[in-house]
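Starting from the known structure of chain A, fit chains B, C and D onto it as the hints suggest.
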Amino acid sequence: MKYGYYPGCSLERNAYAYHQSAMAVAEPLGIDFIEVEDWNCCGATEYITIDLLPAYALVSRNLAIAAKQEQNGNGNQLVAPCSACFLNLKKADHYMSESPELSEQVNQALAAGDLNYEPGSVTVRHLLDIIVTDIGFNNIESKVTKPLTNLRIAPYYGCLMVRPANIESFDNQEYPNSLDKLMKSLGAQVVDYPLKAHCCGGHMTQISENVALGLIQRLLKNAVDYDADAIATVCPMCQLNLDAYQDAVNKRYGTNYRLPILYFTQLMGIAFGMPPTELGFGKEIVDAKPVLDKIERGRLENE
Amino acid sequence: MNEQFEPVIVGFLCNWCSYRAADLAGTARIHYAPNMRDIRVMCSGRVDPQFVLKALREGADGVMIAGCHPGECHYVSGNIKALRRYILLKKMLKQLGVEEERVQIVWASASEGIILAEAVNKMTEQIRKLGPLDWNKTVLGGGNGYGKLAPIEAEVEAEEV
Amino acid sequence: MVTASPTVRAQTFLEEVVAATPGSDPHLQDCIQCGTCGGSCPSGADMDHTPRALFAMIGAGMKDQVLRSNTPWYCVSCYFCMVRCPQEVHITDIMYTLKRMAIKNGLYKESTTPSAAGFSETFIDYVENYGRSFEFGLATRYHLRYHPVKAVEMATGMGFDMYRKGRMDITPTRIKNLNQLKAILDKAKEIGGTE
Amino acid sequence: MSEEKVGVYICHCGTNIAKTVDVEEVATWAGEQPNVEIAREYKFMCSSLGQDLIEEDIKEKGLTRVVVSSCSPHMHEKTFRTACERGGLNPFFFEMANIREHDSWITDDKEAATKKAKALTNAAIERVVHHQPLEPIPVEINPNTLVVGGGISGITAALELADAGYHVYLVEREPSIGGHMAQLDKTFPTLDCSACILTPKMVDVGQHPNITLLTYSEVEKVDGYLGNYTVAVRKKARYVDEEHCTGCGICIEKCPFKVIDNIFEAGLGERKVIYRPFPQAVPKYPVIDTENCVYFQRGKCKACQLFCPTEPNSIDFEQKDEIIQIQVGNIILATGYDLFDTRRIPQYGYGRLANVFTSLEFERMVNAAGPTDGKILLRDMETAPETVAIVHCVGSRDKNYNEYCSKVCCMYSLKFAHLVHERLPGAEVYNFYIDMRTPGKGYEEFYHRLLEEGTHFIRGRVAEVTDAARNPGEEGKLIVQAEDTLIGKQRRIPVDMVILSAGIEARSDSKEISQLFKMGCDFDGFFIERHPKLDPIATMTDGIYIAGTCQGPKDIPESVSQGAAAAARVSSLISRGTVMMEPIRASINQEECSGCRICNNMCPYNAIVFHEDRHVSEVITALCQGCGTCVAACPSGIISGAHFTNDQVLSEIEGILWDVRKQPELVPGD
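Residue numbers (this note's numbering), protein chains in the order written: chain A, 1460 to 1762; chain B, 54 to 214; chain C, 180 to 374; chain D, 622 to 1291.
Simulated from the structure, these hints should not be mistaken for laboratory data. A virtual CB, placed ideally from N, CA and C, is assigned to each residue, including glycine. Among the clues, some could well be false.
Claimed, not checked - Label-pair ranges, simulated between beta-carbon atoms:
id : chain 1 : residue 1 : chain 2 : residue 2 : range
1  : D       : K1020     : B       : E154      : 26 to 36 Å
2  : D       : G1047     : A       : K1748     : 45 to 55 Å
3  : B       : F58       : D       : K1020     : 33 to 43 Å
4  : D       : S1208     : A       : E1577     : 51 to 61 Å
5  : D       : D1130     : C       : D204      : 28 to 38 Å
6  : B       : F58       : D       : R707      : 38 to 48 Å
7  : D       : D1156     : C       : Q208      : 30 to 40 Å
8  : D       : I871      : A       : V1603     : 49 to 59 Å
9  : C       : Q208      : D       : I944      : 49 to 59 Å
10 : D       : S1196     : C       : Q208      : 51 to 61 Å
Same shape as in the complex, but just chain A (with noise of 0.2 Å):
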């Protein structure tokens, strides 16, 4: 199966290890993804924040290259694995389509760089999406060779996966369960834990510490107190907050967590008995080892 892909600035190198575990997983499920020819930033939750327009062209510059892009009559799917990118590129589509206004400007600006977007002529899935809806767990079983045995994962979604209101949404947006099944399906168990819907601080640990660190303790917390082994995420900017700032959220509020986060690409791959390497381990700030370790034990209590 054939999608557009847009990785986002983060996949080139904070969450590399996303882009790369996403590119080995892709590969024995038959995905073939085709990288927007020079995207650009989608502007993140700043962009819009400052000037309106402008914030809509930039996302749209994408739109138009992809729509452009030949997709192999996949209905022109692009998929984005980054949470914040996925709901940029859907909202400025749908915005567009709702408001003609907004469609016929954004336009006008698309063309001073001689391009143009005819809204909803791209339909932007986030990576997870196309992973449990077009693929499907049946599919994923099948290429499980190292079931993720005794592990307890805790699936982390975040906000911008499977929220906003006004834009359908492919899982519950209040308490989704996509990624618990797909978790499920590669052998692992998994802690069905109250917060897995809830915000990471997204930016707020450049704006206010006290409110992100906050966010993140609650959610370290709340994985913990359900004794989980390791946290799967599914968007670049709550693995870089839980993973980053774990060690200033010790220091501030003198708890000692150690848990590792890790992309849920990341987890498929070790399912599918691929080498941690060729799936970016070791880039986390905290030490995925002992998951690795565990997942190895149950393997040997298994056999």
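Chains B, C and D in isolation, oriented as in the chain A frame:
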């Protein structure tokens, strides 16, 4: 009054929902375009395609058929039959070169005066843009309206069986 | 709207906010003051006004107080309020609108989070000049400007970790067709858009 | 041109019409139209003087047709028809033009309004000359009535009619009548025990000579029209012979199997597999739940039959559903409501967090006859809560679920708070509300009473209920998070028990029911009344009435009054014996009918029969409701719809286009 073209729309309103909706719109003093002149029928299902054609032939610029919402018809399903005829009628008018905005079907329950009013406003605007419908020119002047007219009317009835 | 002759009068603050928010209708005027947003907000505790209160103030035309509020700047954009709002008010979108207005009116500086806008500004500065965001530069430049102490921490502590793990670039990547992007953005700014 | 002499009367309706329509001009203009003998304008045509005007002109000027341009025919058609009758004219020689609701009230543009008034008046003039004399059709009213639904509304309606001496068939889906009220403990605001006031009425129904009670039964088919409905009722097999069963209950006692009772006990308690929903059930006969009966599933057991003391044995495993045909003149629908399914709001945690309860579960819990004997306990069924949160507006006032206010939740939530105070002295109670809605006799006073009882009222809709503790005080508790909008701050209240005050929803199958009875139901699924203010009891279908929560959220007193009102409406019809129906009916010209049968399946009332012998179709006037669908469908145009004939409508079209009318060139089909 100013120079802008004021279309004449003939409305066929069903006695139970849309006519009462129009009553309500009035009672609520909702102001809307006075261009729709309404004829009361017991049910939108009573609207015979020849009524619509006659209205258009004899000077109306548009025709609105209004009934109860599907599933709420006072006569169970008259509105659905009206809808079926309407769809076929549109096909025919299209071939005759009559713009499709000129014949519209609207659902308005007795409590939806506002919906009827808005529909009339919208339709009036649309037809104002289209300009007058000169049947004799558009349809007959355009020639061989006849050829098409006959078979399709047969189709309209055939569908009823 | 169904009315023969609409009476002409000055735009209210509420109408201003609605007009500056993307999409067909953000339903701001439908707020029933139930507080679901304020109750759902993860950072609500730190806001000087809850979103609900802010909407009441918008309705009352208290433009200055609203644009001085830190509420929009504390919005983490989690969309919980928007999913739960019983009146389908596009709360998160409206928060962004208020931020834009605050910046335009230069009032955000008087909120308790003057640096927030600065972060966004630094961010888009990179986006406009490279076409991609640049975390390292962003973090250091922003912090040097607003919390120097933090900048040092960044460089030594977490920032260093990130660098060591190969998760942070020292040099930004630039897109090939930057001129095209610039042209588009300039045009967009020129049109000005819905605001 | 015809010989008719038309009298035209333009009404000022005070200034209602005259201020936007130039009535004088319309009158003068009308006077010049063909066939018009006389055209007048008058302040109030509906006044006795206005009516006299018509009467005199008919007599003196020999008018043969009358047109009045004034308000909506739904307002005064009858008035003017009778005026014509008094003048010695057939009432159907009258036509009305609506130049108020449809003209003077919808615009300020005098010129346009006057033009439209002329068009509408002219349409009436051209139409009326084609009118034919018609006689209203007398319809006999069958004195029997069908009441669907045995809740408090249905019970009230049934008893009112039965006491008036008329026979009633009361059909109830469940094995016993009583409805939701039977599940409640206390009723607000008087706090009298629900069962104590309901049971006597249930018993009356069970024993009333004029009531045929059909429980565990459902209406399957409805044919006919006002005065003469034929209804098919499916009486589901109980597997208990009502002839001989004494309701001693030994079979229930001896039945070895228990299941969770999801209906009456709201899943909180158990019942036997052969059961009676509750001790005071009417009728007293039990029912076998075949899905869970070991005999029906595996062919073993028969304990109930073994121990049944009656002679002959009342347990009948062979019993089959039976279809009962009943003839009635009127039908009252009192089908009640469904409770909002709180699982639909995941953030409130019902089904995930053990100690989150629905309002119905709590009602059963506080009910002395309920699963906990009236004790308020947590899900472990041992511990009593020390703090209780009551969440208002669950599934109500929310566009994601139901936009409307369910009306009763505020009051029953207050009742819950009171019951907690009463049963668990010292327990803390928090009511989270958006707006406190207590309109009703003694309701606001009840609210004040709760304030005095020390209930904590927090004005803010609950955002979420969670067990994710943030600080020590929250460990092991349910935390209710909301904005206290009166303080403007977010609050987290740790509690032991959360009660979700679920809203009222239309029955999940209300759309099918409404179609079964050929009447409307609105977007939310509630049945549509004839008029929201002046006729909330009747429906758009003659002879079908609605009572209670099937029409919209209501509390008990309201449901009772609607039940009684519906009964009153029906009995007035019955006492009249016959009613006159508009003679708007279709008829087929037997000579010219080609027998194509297109009209046959057009008719929603199966009023058209096909005579194989003569190869023609015929309309049974008694069944025809006059919609005219068949008239429109007839390819040879030989079905005529009285008072809406083709030439009447066609000439109306000509008339309405008076100012723009073009002479059409010849086109096939003219």
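Hint check results:
1. D:K1020 with B:E154: 26 to 36 Å: For K1020 of chain D and E154 of chain B the Cβ distance comes to about 31 Å; the hint holds.
2. D:G1047 with A:K1748: 45 to 55 Å: About 53 Å separates the Cβ atoms of G1047 of chain D and K1748 of chain A, which means 45 to 55 Å holds.
3. B:F58 with D:K1020: 33 to 43 Å: At 40 Å between Cβs, range holds.
4. D:S1208 with A:E1577: 51 to 61 Å: 57 Å, holds
5. D:D1130 with C:D204: 28 to 38 Å: Since the Cβ atoms of D1130 of chain D and D204 of chain C sit about 34 Å apart, the hinted range of 28 to 38 Å holds.
6. B:F58 with D:R707: 38 to 48 Å: Holds, at about 46 Å.
7. D:D1156 with C:Q208: 30 to 40 Å: Taking Cβ atoms as reference, D1156 of chain D and Q208 of chain C lie about 34 Å apart, which means the hint holds.
8. D:I871 with A:V1603: 49 to 59 Å: 58 Å, holds
9. C:Q208 with D:I944: 49 to 59 Å: Given range 49 to 59 Å: holds, Cβ gap about 55 Å.
10. D:S1196 with C:Q208: 51 to 61 Å: 53 Å, holds
The structure shown violates none of the earlier numbered hints.
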